[in-house]
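Peer 1: Here are the chains, one letter per residue:
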Amino acid sequence: MEKKEKIGVYVCHCGTNIAGVVNVAEVSKWAGENLKDLGVVISRDYKFMCSSLGQELIQKDIKEQGLTRVVVAACSPHLHEPTFRTACKGAGLNPYLCELVSIREQDSWVHTDKVAATEKAKAIIAGGVSRVVHNEPLTPLMVPIHPATLIVGGGIAGIQAALEIADSGTPVYLVEREPSIGGHMAQFDKTFPTLDCSACILTPKMVQVGNHPNITLMTYSVVEKVDGFVGNFVATIRKHARGIKEADCTGCGICWEKCPKKVMDNVFEAGMGNRKAVYVPFPQAVPKYPVIDRVNCTYYIKGTCKACEKFCPTNAIDFAQEDEVLNVQVGNIILATGYDIFDAHRMTQYGYGRLANVYTSLEFERMSNAAGPTGGNIVMRDGKTVPKVVGIVHCVGSRDKNYNEYCSAICCMQSLKFAHLVHERTGAEVYNFYIDIRTPAKGYEEFYHRLLDEGTHFIRGKVAEISDAVRLPGEEGKLIMQVEDTLTGNQLRVPVDMAILSVGLEPRADSKALAKTFGISCSADGWFIERHPKLDPVATMTEGVYIAGCVQGPKDIPASVVQGAAAAARIMGKIQQKEISLEPIRATVNADTCSGCRICNNMCPFNAISFHEDTMVSEVNPALCQGCGTCVAACPAGAISGTGFSNIQILSQIDGLLLLTLDKKKEAVVA
Amino acid sequence: MTDTITFGQEISNLLYASEGEPLRTCIQCGTCSGTCPVAGYMDHTPRQIIAMINQNMKEQVLESNTFWYCASCYYCTVRCPQEINITELMYALKRYSIWKGHYQEGLIGPIFSEAFVKMIVSGGRSFEPVLAPSYIFSFSLREFIQEISGATELMLKGRLPILPARIERLDSFKRMIGRIIPMGGLE
Amino acid sequence: MKEYAYFPGCSLEKMASSYHQSAMETTKKLGIKLKELEDWNCCGATTYFFIDELLAYTLCARNLAIAEKTGLDVVAPCSACYKNMYFTAAHLKKDPDLAEHVNFALEEDNLHFNGNVNIKHLIEVFANDISTEEIQSKVSRPLEGIRVAPYYGCQIVRPQKEKENVEQPQFFEKILSAIGATPVNYPLKMRCCGGSLILSSRTAALSMVRNLLQCAVDSQATVIATACPMCQVNLEVYQQQVNLEFGTNFSFPVMYFTQLIGLAFGIKPKKLGIGKEFVSFAPSLLPVLQE
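Residue numbers (this note's numbering), protein chains in the order written: chain S, 754 to 1424; chain W, 3 to 189; chain A, 39 to 329.
Derived from the structure by calculation, the hints contain no laboratory data.
C-beta: ideal position from N, C-alpha, C; glycine also.
Treat the hints loosely; a few may be bogus.
[What the hints assert, rightly or not] Here are the computed lysine to any residue pairs in the SDA-like style, where the Cα-Cα straight-line distance is at most 20 Å:
| no. | chain 1 | residue 1 | chain 2 | residue 2 |
| --- | --- | --- | --- | --- |
| 1 | W | K176 | A | D77 |
| 2 | W | K176 | A | E145 |
| 3 | A | K52 | W | K176 |
| 4 | S | K789 | S | A778 |
| 5 | S | K1231 | A | S257 |
| 6 | S | K998 | S | K1059 |
| 7 | A | K314 | W | L162 |
| 8 | S | K1154 | W | Q30 |
| 9 | W | K159 | A | E51 |
| 10 | S | K1331 | S | K1059 |
| 11 | W | K176 | A | A103 |
| 12 | A | K308 | W | L156 |
| 13 | W | K159 | A | K308 |
| 14 | A | K199 | S | T1101 |
| 15 | A | K131 | W | E21 |
| 16 | A | K131 | W | A19 |
| 17 | S | K1231 | A | D256 |
| 18 | A | K52 | W | E149 |
| 19 | A | K199 | W | T154 |
| 20 | S | K1231 | A | V255 |
[Stated by the list, open to error] Partial pick of chain A residues on the chain W-facing surface, computed with a CB cut under 10 Å:
| no. | residue |
| --- | --- |
| 21 | G47 |
| 22 | M228 |
| 23 | C231 |
| 24 | V271 |
Using the sequences and the accompanying hints, generate a full structural model.
Peer 2: Encoded structure:
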């Protein structure tokens, strides 16, 4: 005969949120009288259970009445479950012996029939009480935190995070797949709204990263595999062979000067210029070591040339160099891999790729950059003609159900910036074609006013097509931008020399594969999913993995920096704690009943289940397990049980919910 | 709960079964009007018409020539970023306009359409000469003469039908149409 | 022997009889049989849909029901007929309610539509159902040096059938290349010709035709190839009107693509309906027309 539990039931009014529909006093009285058999010894109702006074009510009863279980009927557990569990803990009761049942989101907020709602509230509480009897006291899992951090992606967000964590005194591994860090920001000319030179504000940080004693910089490298769990990850990193001995290389540049093989640079120069087969992507590259592009290098194709080796003064070229694969142990990971731009070829009505003088935003940035392929001169594809009229198209591939439904956040400001640069460098007439002008942040609206002042022609209308089919005199040799000026209602044909498409931002092409490697999720658009869009934008649902920058969604440089810093702060907090506690709501495999079928192994979305070959049973790693319940449902032998969601707990709750039905019908449930 | 239905709702209902987003999702970007090959001849652009419908400006919409100038080339529909079926809207406005007998004076479109459908209902096949009266009298003398000379040339080249073509099962065809009319077809 | 149910459409009787003739000749040469649908009625062009949707669907569905009985795929040479029948079939398949109403009416003619019919445009037969090699094998007189502007028009490519990108199709160019002609880059190849606006809004339609002709001249084409009788009539028959209205001087031949294919196959011009056009092809096609 088991000892009966002593259960306290607390029904919240939540002001009028619950009490306006549910007769709380009646429910509380009913629980006290009718659930005695299940163990209820006290039942109270109160206006705001989550307030200090409300919590103290519970604590007082635990101490004075010796309560062994608590059921709170109030709002959704998403909101106040931690509140009440902490209150119980404060009074000396194991927090997992407290259950919160929702009679608000699940009852008073969704029904208008007061009588029915009150009856439903009684059933919900009966369910909670029946369940809580079977709750076991649980202790959170304590997991040590390795002090090292892995940051994937060396753009501005990754750089910011790396510097902050490294400055705090713990080691950082910064992995970047290009030969240099810097990301997209290194490609830009000026940044809005201050018109700071992008490289000038970025390169000091890059140099700091390169010199920092706590940062191990691994460029031209990728993360191949990640094992482990929060506080204890093991990342397998492949450092692609540069073909350069870093210990000997001085970065003098003779190798790329002498290299005879020119290659179209589709990455850094966005296809606007060339590089050599041995190269650094840009002069301020960090690290300074070049890289030999084995796909295009003559030596690897034909076995001849070797000009770089001949001329290198320090004998730093090593054609036989191989990739290096190494494992690093880290406690936390930040993903800051950035974005790709929308492929403008897809909007064939704009003629990108077909009509010579149609450019993407990135191509224009390279053109405008003083270190770029045209030396900072804004010229047409022939390399010399300065345009007299330039048209800038907003919202290319964004805000469009045919391509990407979202707004890419930065293109309006970017388009205004381009307009300014064109004014400044060429004195050309500039037309901006927009649907809305989105300039929300500090100094942005003022920047728009500056452009208005400069005489930019703003036409409110999304460009329908760009064509070279001449119709009227004066259009010969021009690109015609056909658009409706929606503010006047006229269809216009605007002849321009050069068209710049402000293309939208998209997730990286390999983002889904990357998400899988790190065990996190992507949204339908492909951006990585944050734990909470409002209150937790840098954490993910996977403990220990954080996201920062455009990888979480389109944003400007200040926002990326903020997210990098935020992720860094979170991690530094964890490192300082030295160990963290994890929710004990986990799945466990009963080794005796496990048949070794391994169905659960592949079902786990968090790769938390491993198989022991020697004992032929599966085991759940409690640190990786997020308690989703998939394996519990999938196991054909019923050998997996969810702590805190055991079969008996769930079935009892269902029985409790049906208690009223049973009472009324006086029928037994068919087994 | 309102008893009366607004003009905007009426038009939305007409488009209910079409595969496209509702008119109220229009962000007024102007892509449709920028694309439309006939926009220059319309008194209101397609985008303006949508704005007017959303504002329940029934009189002005029905009095406009916009939808009568639509050639249903569908370019607006394939480019619309909100995936609204604008061409279908133009068809719906034509039907609504004829149903209510309310359209701009002097437009050939409505009279032409009715003549066309009467022609089909009577024979099952098209016969161009019977349509001429619906548009030819709005022409200036010069245009009228051009039209006659053009028709003559077509006839000489054997490209104009002299006698109307008819389908064989015309009786059952007419009865078939008769079954539609009680369901809300034309008079 | 490929067989299709052939829906000529009202225009092909007289106005576009050369299209009909050349279609029959070229398909025969390729071993394709086009069996005319029995007792078909007008598809409604665009005009039916101005009056009543249900009536329009019913009148179209009558043809579909007749076609269904043959068990063959339907081929329509006219873009408007094609578009109407394709989408009527698609809507009836998706909407059982609509199908019920329509079938109730079709009963009067002892017809019933079950949704089992495929609709193709005639040009799709040449582009997809016949291989390029097969077309090339029948070419005895390749149209060397003939610069053709491939005029798709609007209703072959739009509205979208699936979510395909309809901005730059190339199938027409492919066919023209297969018969040895040079397809030119024709920027307005998918611009509307005005359709029935030529009657109801003449000036607007004439301006659209004018742009198309001017663009063909600018693209240095010598002939425009079309795949729709409305397009051919608007572009060719009304060229005089365009000249009078805008003071231009166009004298541009506009042919059906089947006529071009027929000439490349070595079929006699008269059999392809050549001689009925307003603007003679002779100057541009002299090299090919010589026996």
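Peer 1: Please go over all the hints and tell whether each is borne out by the structure.
Peer 2: Checked hints:
1. W:K176 x A:D77: At roughly 14 Å apart (the allowed maximum being 20 Å), A:D77 and W:K176 satisfy the hint.
2. W:K176 x A:E145: 12 Å, holds
3. A:K52 x W:K176: 25 Å, violated
4. S:K789 x S:A778: Distance of about 17 Å is within 20 Å: holds.
5. S:K1231 x A:S257: Answer holds: S:K1231 to A:S257 is near 15 Å, not above 20 Å.
6. S:K998 x S:K1059: The hint holds at about 15 Å.
7. A:K314 x W:L162: Holds: A:K314 and W:L162 sit about 11 Å apart, inside 20 Å.
8. S:K1154 x W:Q30: Holds. S:K1154 to W:Q30 sits at ~14 Å (cutoff 20 Å).
9. W:K159 x A:E51: 13 Å, holds
10. S:K1331 x S:K1059: At roughly 52 Å apart (the allowed maximum being 20 Å), S:K1059 and S:K1331 break the hint.
11. W:K176 x A:A103: 17 Å, holds
12. A:K308 x W:L156: 17 Å, holds
13. W:K159 x A:K308: 13 Å, holds
14. A:K199 x S:T1101: 18 Å, holds
15. A:K131 x W:E21: 14 Å, holds
16. A:K131 x W:A19: 13 Å, holds
17. S:K1231 x A:D256: Holds: S:K1231 and A:D256 sit about 14 Å apart, inside 20 Å.
18. A:K52 x W:E149: 18 Å, holds
19. A:K199 x W:T154: Distance ~40 Å between A:K199 and W:T154 Cα, so the pair is violated.
20. S:K1231 x A:V255: 18 Å, holds
21. G47: 9 Å, holds
22. M228: Since chain W brings a Cβ to about 8 Å from A:M228, closer than 10 Å, the hint holds.
23. C231: 8 Å, holds
24. V271: 9 Å, holds
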